[in-house]
Every structure is written in structure tokens, then in C-alpha cells.
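K.L.:
Go ahead and model the full structure; you've got the sequences and the hints to work with.
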Amino acid sequence: MSLVIKNGHLIEPTAKFSAPTDILIEGKFVKQIGKNLSGDEVIDAKGCVVCPGLVDIHVHFREPGFESKETIASGSRSAARGGFTSVVTMANTRPVIDSAGMVEFVNRRARETSLIKIHPAATATKGMQGLEMTEMAELKAVGAVAVTDDGKDISSSWVMRRVLEYANMVGLTYCAHCEDESLMEGGAMNEGYNATRLGIPGLPKAMEEIRIDRNIRLAELTGAKIHIQHVTSAGGVEIVRAAKARGVRVTCESAPHYWTLTDEAVVGFGTNAKMNPPLREAHDVEAIKAGIADGTIDCIATDHAPHTPTEKDVEFQLAPFGIVGLETSLALTITGLVETGVITLERAIELMTSVPARILDLKYDKFETGVLREGGYADICIFDPKAEWTANPNEFHSLSRNTPFTGMKLRGLVKKTIWRGSLVYGT
Amino acid sequence: MTPAETSSPVWTRKDLIGLEDLSRQEIEMILDTAPQFVAVSKRGSGIKKVPLLQGRLIVNWFFEPSTRTRTSFELAAKRLSADTLTMNVQASSSKKGETLHDTLDNIEAMHSDVVVIRHSFAGSAHILAERHDSHIINAGDGAHEHPTQGLLDAFTIRDHVRKQKNDPEATIDGVRVAIIGDISHSRVARSNIWGLTKLGASVVVCGPSTLMPQDIARMGCEVTTNLREAIKDADVVYALRIQLERQAKCLFPSIREYIRLYRIDNESLKHAPEHALIMHPGPINRDLELATDVADGPRSVILEQVSNGVAVRMAVMHLLVNS
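For the protein sequence lines, the chains are A and B, in the order given. Residue numbering for the first sequence follows the working numbering, starting at 666 and increasing by one per position. Residue numbering for the second sequence follows the working numbering, starting at 382 and increasing by one per position.
Check each hint, because a few of them may be wrong.
Computed from the model, here is a short list of chain B residues facing chain A with C-beta under 10 Å [as the list claims (entries may be wrong)]:
1) 430
2) 433
3) 567
4) 571
5) 594
6) 595
Computed spacing ranges between beta-carbons, pair by pair [said to hold, decoys possible]:
7) 1055(A) - 424(B): 57 to 65 Å
8) 667(B) - 822(A): 44 to 52 Å
9) 628(B) - 933(A): 33 to 41 Å
10) 667(B) - 850(A): 25 to 33 Å
11) 416(B) - 1055(A): 45 to 53 Å
12) 470(B) - 802(A): 46 to 54 Å
No lab work stands behind these hints, which were simulated from the structure alone. The C-beta atom is built at its ideal place from N, Cα and C for all residues, glycine as well.
P.N.:
Encoded structure:
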């Protein structure tokens, strides 16, 4: 049984390939890439781009513990609709993923229910308490691809230093949520003019930047690799840029909302504009784009953070932080970065496939993730880069609807997602 | 003049959420509606009541302890002959599993006309007004706005300007108002900045740098941490209530030092013009932000603010319901 994708334009950044070609899939694998291929079944990808299945190294699928927000099954459906075939799930579930048994639980639920590849991350500290480190060697042995206390920072610099040293020895990267929580004090949005006029306590940029700097310096001290999550501010971009210039082993990500929206989106008290770190200001948006253009920001991740409509339908200061992102990520990247000339489409795909996969060295059996090669798994995203559509959360495959992009006109529509040779989204 | 400018203005809003949203014309419409209600309250021997909201249900829904604002709204409703219902909610209803929207749905199921809400979180009145049919009046939402306070303050200032100038049409254009104290946490400061500047007054806010929110000058006011500078040309000196518990949050060192720098007393008022009015939203911490002899002195219009508050709230309710 073979399947051929015809008339599409293949973009494969690691091969620096961007040209029309056909792709022949046999079973779970890419059999051949070339002209005039034929197979038992044909997908006509005319007008579409064909690329490796997208990779998101920062998602919250909420299972176990918060299954009304999202499950591994529903999260995977949401990912598939967004063109993703591999995601790294964060460990701040209930209970948290801090033991081999919990990693194995996620792996089992993924095998039983997921449409795509789930790579679990584990916490770096037991109970995500920031006090004692987890058994990282064992966590890695059962499949954890990263350690992270995401959702929180590790307060103690001593603990963070030892976590980085130990994770580095074990061969895991620490993914750092950078936040000096002592500056929080009820803060719910970016500190600045809009917070002032809305009367909402602010979250200053320094709260994030202080810890980006500390965590990078601890990585520098220990020689460990560190990945900075969700960079939002001009200052944060500058700290990472300077660290890279010093040769620190640091990578970082930003998310589509940070280059698409500013804290103006909070005016009206809509809780779908509430996430942590928060939406910043216009000059920060420009700095994020500049950081993506010059490579300071290595990759795009969504921080897909589902919450139920009921949880979000409250006073702004009471609402939980977070928004969903998987089903709008590619379109916001095309709309906000490619159409505006910040980066090429080829580069955008690189930031959503091979680069994030390599940051965490994501392997899938023996195969590299985020690439599309003969002999490898057929993980493929097919999208129309010119198609216009309007974001409508009622169409989301996620269990949650918490997006600030409702009604926004977007360009770039995922048509089909193929995981290990099987169609997991599209017809 | 075009016909539109000469015809008398018409109130079109369902709700009163904040003064940021209102035009000068709308603010003036409320202020111009209030004097008739001042007269109702002052009826010496007659009945202090008009039947403008007879048979209407006005719900006072207070999530924060409040005596002054709650009684003022209640009295305003009663003097308009409305039926009133007061709900003092101790804990946030969300802690009981019910959202703000659920509770208002329940109130509306009893056919409320006006819902007055006081809440400790910014935006609560706004989100209710967006989704519900009742007329919503914001009686203070977190540090966001307290529009009826801003209106009654503007009314009180205008009333004095008119008396001083002996001109019943005088406006507050060019009047200078100094607001002193904890600006960060103050919805009163925000509503006053919006309201007074829209009416042509100039506003300077003054307080310790730790209680001054970022970029507040963009709201259209001047900012200083120096009390003398703030009050030196002030026609109105407006002291805000200082919350004692802010000290524990490391926002100012001590009451003693706050008094030294920011208390309005006869000593500091030597640096203000003699005609300057003294205002305060209440309740006063006597001898803390405001010295007793000043609060009770001849320049103080604090009790006029309270009297005017009822009339202005009557005007707001009347305009919202009867327009």
C-alpha cells in the first residue's frame, strides 16, 4: 500500500531544499522523493507546501489531572489540525511528571490515544517544589526528552545550578520558565500604561529578564545547555543575544502571540489575553521580530495552555494564565513573520521543525525528528500558504477555546497532516 | 452652528462603567441633570422624593465593605422612588463555584433594572455590562474606576467655581486640581483624572514614587513626588485615603514618614493658595493623610461631596433608565 503526494512544493530546510517534487510513502516511511512518482493512492498537493511535520517543544496537554482542559488525545487532535506531528508535553500536570512511573503513564496514554508523537518532559525537581532534583538518568531512560519546572521558575539559585549541572551530565536540556515570582504580587498583565489605566496590577519585564539573566549565567558557570522558554521582551532578547555572543550554550523560543499582540489586547478585560509571561508593548514586538530575523530567537513554540471556558469566564485578575496555540501557530507565523518579510517561508518552517527538534535532540526510534528524508518516518504537513481563513475557536479540535485570535484574518491553512504514513488530519 | 450642536444632547449609554469612556458632553449632561436632585434632597418641609424610578428595581451588589458609597446609592434610588435590594457579598461568589455572570443572571431573573456593583477586581462592571441587559453602574472596580465619585467631585468643584465667580454657567476649564496620596491603588484618582481633564481642568498627581503607577502621565496629568510643587498653584487639594496595610508591602516606610512628606495640614497648606478647596473621598484617616483641623476647617468641602454624591447618583440612574 503506497501513497504519493503530487504537485506540491517541498520545503525541507535541513537539505536546503525548496522546489516542486513528489513524495512517495510506503507504510510508515518515505520511500522516495522525486519527480513523476506514482502510488496506489494520490494526494494532490497543488498550490500547497509540503514540509516535515511541525514540532512544538512547549505544550501543556494537562493529562493527568486536568482532563477537562485537555487530554493527550484531544491535544494530539489539536496538534494534528495545526500541522504538528511531534510535541513536547510539559510536566506540570497533577500529579507532576517527576518519576519514571509518571513518564511511563504519559507514554502509555500517548500510545493508546494520541494521533501524533508525544515526547514527555519531566520536572527537574521532585513535586516541582524547587528543592530536590528528580532522578534524571532514569527519567531519560524511560523517555523524558527534557527537564523543566515550567509553570514556575526554580527560586533557589543553588538548586538551579545543581539541576543544570546534573541535567547536563545526564544529557538532558533544562527548559527554563524565567520568572522572579517575588516581583509578582498579584500581577496579571504587563506593567505599563495599559495596566495603569485598567487598574490591573502589573508584571514588570524585569521579573522575566532578571531570571533569564540568572539562569543563563548559571548555565555559563556550569557549562550546561539551557533553553529559555517564551521570551517576550526587548530586554530578554538582548540578554540572550549577548549570551550567545559570549558563547553560552543557550537557545530560546518565542510564541506567536508575542509578535502578534501587545498589551492593548487586554483592554476590555478579555481573559484570553492573559498569559504568563504577559503580552508586552509595541517595541517588544519589534524586538521579538528582530530576534527571530537575526537568529537570536532559535525557534517557535506555542506554550499551548488550555483552560476551560468556565475557568476563563471570570474577572481578569482571577482568570488562569494561558492560551491555546497549536491550531493558529503556523498561520500566525506566516501572517506575522513571512507575509511581513521578517523571514522567508523556508526559514519559518525551519523554526517550526528541525531547529526545535535539534534543541532537545528529539529522536523517534532511530530517526531524527523534524526532517523529511527518504527512509525516514513519513511525518508530513501539507498546507496552503496563500489560503485565507478566519480563526474560529468553535472549530478547534482542542477541548479548550481560550484564544485571543477569534475573528482574526489569517493566511496559511493546514490541509493535511500525516504521521508515520497515516493521515491524522484532513481528508 | 449646525443643528446637531444646538439641539439638546441625548443620553444613549446603557451603563456607566468609567469616565474614560465618556465625552465631555456626556459628563456635562450628568452634571447638568444633578442640580434638580440637589433641590429634591434639600426640600426642608416637603417630601424628599420624586417618582422618576417608581416601580423600578435597583440592586446594590457590594463585594467590598462600603458604607458611604452603598448608602449614597441606596438613598439615591429611594429618592427616585425605586425599590432597592442590597446584597453584601463577603467572599467572592466564584469561590462558591458561581461566576459573576451566574449571580447576575439570578438577579436579572428577578427583573432588575439597575445593578450597582462594587468589586475588588478591575473590569468586573465592564464584563457584566457587555453581556447583561440590566443597566450597570460601576461603584468601584479594583484600582480601575469609580465614575460616580469622579462625577460628584467634578460637580462639587464646578459648584464652587460657579459660586466664586458668581456665574451659574461657569465651567472648570483651567482649574488646577492636586490629587495627593496612593495613586497606584486608587480608582478615585483614575476617574478624577479622566473626568476633570475632559472638563478642561489640569490635574497633578502626587505621592511617593512607590505608590505612583507607571506611565500615568499618559492619562493626561502631571506627576510629581513633591507635595509643595503639587499644591503651589492648586485650586483644589484632594487627599486620598492611605491604606495602612501598604506599609507591610514595603510601599512606604512608616506613617510617620508619610505624614512628614504628604499630609495635608495647616503647615503644608501654607504652600497652597488660600482659596484652595480641600477634598477627600472618605473615609478619612484623621490626622494621617489629612489633619483634623483641615478636614473640619472652612476650606473643606468633604461633606458637600457626600451631599452632592446622592444627587449625582440620582442623575446617573435617571439618565440610564429614562433616556
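K.L.:
Taking each numbered hint in turn, which are not upheld by the structure, reported in ascending numerical order?
P.N.:
Checked against the structure, the hints that fail are numbers 1 and 2, while the rest are satisfied.
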